[in-house]
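Trainee: One-letter residues, chain by chain:
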Amino acid sequence: MPKSFLHNMRHAGVISALVMAPCLAINAGLASAETIQAQLLKAPKAPPPITRTQPATVVVNLEASEWVGLISDDNRYEFWGINGIVPAPMIRVMVGDTVEVNFKNKSDSKQSHNLDFGKATDGAALVSAEPGKEAKISFKATKQGLFVYQPSTAAPYSIQHLLSGMYGLILVEPVGGLKPAQQEYYVMQSEFYMKDGKKNDTLPFSIDKVKEMDASYIVHNGHMTALVKVPLRCKVGETTRWFYGNAGVNFESSWHVIGEMLDRVWPAGDMSKAPLESIQSTLVGTGEATIGEFKGEMPGTFVSVDHSLFRTEKGALGLLKIDGPTNAELFKGL
Amino acid sequence: MPINFSRCVRTAGLVGAFIMTPYLGIHAGVVSAETIKAQLAFAPNVPPPIKRTEPATVLVNLTADEWTGPLSDDNNYEFWGFNKHTPGPMIRVMVGDTVEIRMKNNKDSKESHNIDFHAITGPGGGASLLNSEPGQESGGRFKMIIPGIFMYHCATASPSIPEHVANGMYGTIVVEPAGGLKPVDKEYQITQSEFYTKEGAAKGETLEFSYEAGLDERPSHVVYNGHATSMVKTPLKAKAGETVRIFFTNVGPNFVDSFQLLEQPFDRVYTEGSLTAPPAENVKVTKVPTGGAVMVEFKVNKAGTYTLVDPVGNRKDLGAMSLLKVD
Numbered sequence: 001m002p003k004s005f006l007h008n009m010r011h012a013g014v015i016s017a018l019v020m021a022p023c024l025a026i027n028a029g030l031a032s033a034e035t036i037q038a039q040l041l042k043a044p045k046a047p048p049p050i051t052r053t054q055p056a057t058v059v060v061n062l063e064a065s066e067w068v069g070l071i072s073d074d075n076r077y078e079f080w081g082i083n084g085i086v087p088a089p090m091i092r093v094m095v096g097d098t099v100e101v102n103f104k105n106k107s108d109s110k111q112s113h114n115l116d117f118g119k120a121t122d123g124a125a126l127v128s129a130e131p132g133k134e135a136k137i138s139f140k141a142t143k144q145g146l147f148v149y150q151p152s153t154a155a156p157y158s159i160q161h162l163l164s165g166m167y168g169l170i171l172v173e174p175v176g177g178l179k180p181a182q183q184e185y186y187v188m189q190s191e192f193y194m195k196d197g198k199k200n201d202t203l204p205f206s207i208d209k210v211k212e213m214d215a216s217y218i219v220h221n222g223h224m225t226a227l228v229k230v231p232l233r234c235k236v237g238e239t240t241r242w243f244y245g246n247a248g249v250n251f252e253s254s255w256h257v258i259g260e261m262l263d264r265v266w267p268a269g270d271m272s273k274a275p276l277e278s279i280q281s282t283l284v285g286t287g288e289a290t291i292g293e294f295k296g297e298m299p300g301t302f303v304s305v306d307h308s309l310f311r312t313e314k315g316a317l318g319l320l321k322i323d324g325p326t327n328a329e330l331f332k333g334l
Numbered sequence: 335m336p337i338n339f340s341r342c343v344r345t346a347g348l349v350g351a352f353i354m355t356p357y358l359g360i361h362a363g364v365v366s367a368e369t370i371k372a373q374l375a376f377a378p379n380v381p382p383p384i385k386r387t388e389p390a391t392v393l394v395n396l397t398a399d400e401w402t403g404p405l406s407d408d409n410n411y412e413f414w415g416f417n418k419h420t421p422g423p424m425i426r427v428m429v430g431d432t433v434e435i436r437m438k439n440n441k442d443s444k445e446s447h448n449i450d451f452h453a454i455t456g457p458g459g460g461a462s463l464l465n466s467e468p469g470q471e472s473g474g475r476f477k478m479i480i481p482g483i484f485m486y487h488c489a490t491a492s493p494s495i496p497e498h499v500a501n502g503m504y505g506t507i508v509v510e511p512a513g514g515l516k517p518v519d520k521e522y523q524i525t526q527s528e529f530y531t532k533e534g535a536a537k538g539e540t541l542e543f544s545y546e547a548g549l550d551e552r553p554s555h556v557v558y559n560g561h562a563t564s565m566v567k568t569p570l571k572a573k574a575g576e577t578v579r580i581f582f583t584n585v586g587p588n589f590v591d592s593f594q595l596l597e598q599p600f601d602r603v604y605t606e607g608s609l610t611a612p613p614a615e616n617v618k619v620t621k622v623p624t625g626g627a628v629m630v631e632f633k634v635n636k637a638g639t640y641t642l643v644d645p646v647g648n649r650k651d652l653g654a655m656s657l658l659k660v661d
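If you read the sequences in order, they're chains A and B.
Note that my numbering has the first sequence beginning at 1, numbered continuously upward.
Note that my numbering has the second sequence beginning at 335, numbered continuously upward.
Chain B extracted, bound-state conformation (with noise of 0.2 Å):
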């Protein structure tokens, strides 16, 4: 920006400063939107909050992979996926930044794959721009004009929608709103999803999605993070007296969660996602739309095992479980 000005005060010469001043607005005003790399983080983990006050161009790289991978200690599935990941990275914005994404499809995929981000205003919510066949990469620059907390997810209707959403391709994507979220002890994520796999499958072969099952709601697992037991056998950690905060994405697709902490209530529930609107208080149950979000934090004060559950039917011994171990 220095060099920049600089130069167009050499080059401007005689030209009055009547004339300079919208010139020098634009200058500034390109210049000044600082452009930084988006810190992708993986579930459990979470992205670091804005410290910054000014938006900023945010550059998101994300790649569409196909790959087989464990669902639980029995099976491995041929996962759908972003970066390889179930759920995808997740991304951390702030309301006013102008996010610029770039899809690369893995040359090995054999579908083609886009993205819909819940918090883009505009056909597809940038599917119609982030669609990329197999090798091919796209691209689009997108205003964050909303907060809150919002999934994205493959919306290809090749062979369908549903299909790309239950083979793992979905993550989450944070918009803070001007100001920035409080600061607390502990951030995680958790992204429940469906799994529907044909019956049948022996221990150690790899399950095989079934369109019926989802056609009728029949889901084989139930997980949190995209593994039946991960969540359970590498639990989340704080400390007695810190205060947790989760980002909580239901994925579906077709399930609306019943999200809870079974020792205790949440302290603050901020609703369907909203960051805006404030959080209802003491809430022993959140319910979750299926492509919805929800920001819960609690403080816990005694050590002890703590358990993040969707306690409905059977969905907990499915696989939608996580522990948090308190010291």
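One chain only, chain A, in its complex shape (with noise of 0.2 Å):
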């Protein structure tokens, strides 16, 4: 960039500098977009950070298929998700990135498939493919934010795609990109609507339940005990980041970790704004994603929920593991 700025200045000549202004914006602008691949993972896997200084284009495949599997140990559903995970892999872009998304809907597939990333740009950006048809959207992230991308409510039966496990989170960072944070953490809450039905049963879609809002599972990332089963980990010391996701479609989420308080939450991810400092527990509404930062003060077993507390009975909630030493002064039996 001192270079091109340099080598314009000499060939600009009479040319006043209002003129050159938008030029030079351009030059910069064309030279360094280069084209990469978005890493996609899954939950609770976030992308790593990004280290480079200029907007690029950022390649994302997703691809839309519906399976059966397990929602809870003891019961089967018919998930509708994206690259065979529920939660969708989080994707993670800047300011300026041009988002290319490659969006294919399997051959097997019954449905149409769609997912809308407006709220990461201006506007709708809604792709949508035909089973065993592909499409493609471009759009440019230009609000920064953390934000829960998903099918259209626009589109028939959008409830039924939100509720099957269609949804993930696109991180917008700022230019300059995040502060570094030892551990970073990609979760998720959902409900699943279904009907009754018997251990071991592949259990039905139930429109009425999510009218009646009585949720048959509220998880976190995808499955009753996933968090559980497998917990997240890190060492005393470390700061560890949760990009915290509420699908919803009903109930807001009260996030809190038992055991360690958040010490600074950007509400809706905006990290240009300063952070609320200190919390027990903060709400994160339907459809809306956090970014929350807690330093891990003692070894243990500490558990992420979403504090109203039944919905932890229906699987709102994961397991954190931490390493190291105790501290004595801060927490001692008697």
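No lab work stands behind these hints, which were simulated from the structure alone.
As the structure is a prediction and not an experimental result, all values here were calculated from the model.
Here a beta-carbon is modelled for each residue, glycine too, at the ideal position from N, C-alpha and C.
27 Å max Cα-Cα, derived DSS-like pairs, lysine-lysine:
#	chain 1	residue 1	chain 2	residue 2
1	B	621	A	209
2	B	532	A	209
3	B	441	A	332
4	A	209	B	650
5	A	273	B	516
6	A	211	B	650
7	B	618	A	273
Computed beta-carbon distance windows for the label pairs:
#	chain 1	residue 1	chain 2	residue 2	range
8	B	514	A	202	52 to 60 Å
9	B	369	A	324	23 to 31 Å
10	A	274	B	540	45 to 53 Å
11	A	324	B	601	37 to 45 Å
12	A	176	B	616	31 to 39 Å
13	A	274	B	536	52 to 60 Å
Using the hints, put the two standalone chains together into the complex.
Mentor: What follows is the structure in structure tokens.
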């Protein structure tokens, strides 16, 4: 950039600075717009932090499919999801990036599927494909924050699409990125509504239960015990950063970590604003996401929950195991 | 401390000051952290503001009890709670304090009980150390490193964690920031909570807990300070021109609360109970997560009756209301 700038200035001659300014900006933009492939990982893994400082074109390959899988140890459900996982992979870009989504609907799908990235840009950014077809959308990530991407709520049967596992988070980082944190986790709360049945049954979706707000399961990361069987891990002294989304569609989540305090919370993931500090429980609306951080102070097992506690009986919890030396000044039995 | 210090100096004899210094330091540290007994207060009252400027060791004695008492004008309920009150007593300390908690479970209890303090950093918020079988006592010592308004509650897994909360086992601990809170004219606490009871009970019957109603999030009562009408029948009081501060905890165990004063906005809202971030100003409604809290302040200029309420759905009719009478 310094070189181009000087080069341009030399050739500028009598052209006034007023005319030059926009050209310089365009040149800088074009020269650095590299194309990179998004790293798409299964929750609770978040994609690695962005280290580049210039906007890029980020290619995101997403495939919609339908499969029967376990929602709990007792029951199965016909999931509709992205890349075979629930929640869908988290996408991580920065302000100014162009996001190119290649959206494929698997050939054995029964449904047409779509995704809307409108929250991360200016206006709707909808991509839709019939079974066996592909579609493409490109949008500029203009808004900083952490957003839920999901099927368009305008499409028919949208509620069943949304409630069957088609959602994920997209993080639009500020230019310059986020401060480093030793651990980053991706957790999404979501509700499942099914007709009643016996153990080992595959339970069908129930629109009546959605309307009555009578959730069968409210889970963290797509299975009733996903984060209980395989806890998150960190060490004493490490800063943990949580990308916490709430797919909804009915319940606001009162996110709390038992035995820890959220040192910093950025509601809606907007890190351009000052964070809330020292928070016991923070509200994450339906269709919203938040960024929370805290330092692990004590070893042990900690429980991340929706503090609407009856929901923990339906799966709204996960474990964090912190390893390291104890601190008797902080926490000691008598 | 003077005695210890003198004894140290007397017995020190020829030991040089060089060697003594660290020992004196340790003694001074242990002795100077004053040990005091917590002043506990039951809702809607609060313990007095903290005047001291140095951290102390604060002793807190809590009991876990099970008793039958009024939940509304019509019915009793078998409460589980701390110090025979729902909500349990408010505890008020400052950041840097070490809180020494002893929790005695009444010998007549049927259940084992524990306490998860949202103000405690460590496994279970202390629940792993503060678990007592009926007739037993447990204890722990915890340093308060983060200021704020925090809920504490029982989190025993048997029969289920939400059942212990739904039966009334909760309270509030305020950890004042360094330098304390700005003085105001009146301070009160309100705790909002839901009760889930079996349908069909007649007037005068003792209501029974319903786990199914809890799972369905269909409460029979949503109350302020443990009773459906107590805060309406016995309003809070203030004088015109006074500034009122309310420590508000939303226990849930299910509902997010939309806390508001019907007659005027709150002047200052310490969102989600954070006392270190600047407050939001001139706020009409503040949402309080379950297991969360908020501190609000407002000046009442005119005489009259003011209404603090969660107006969502029929919660007001179920009891989520308090009056404030201003003379």
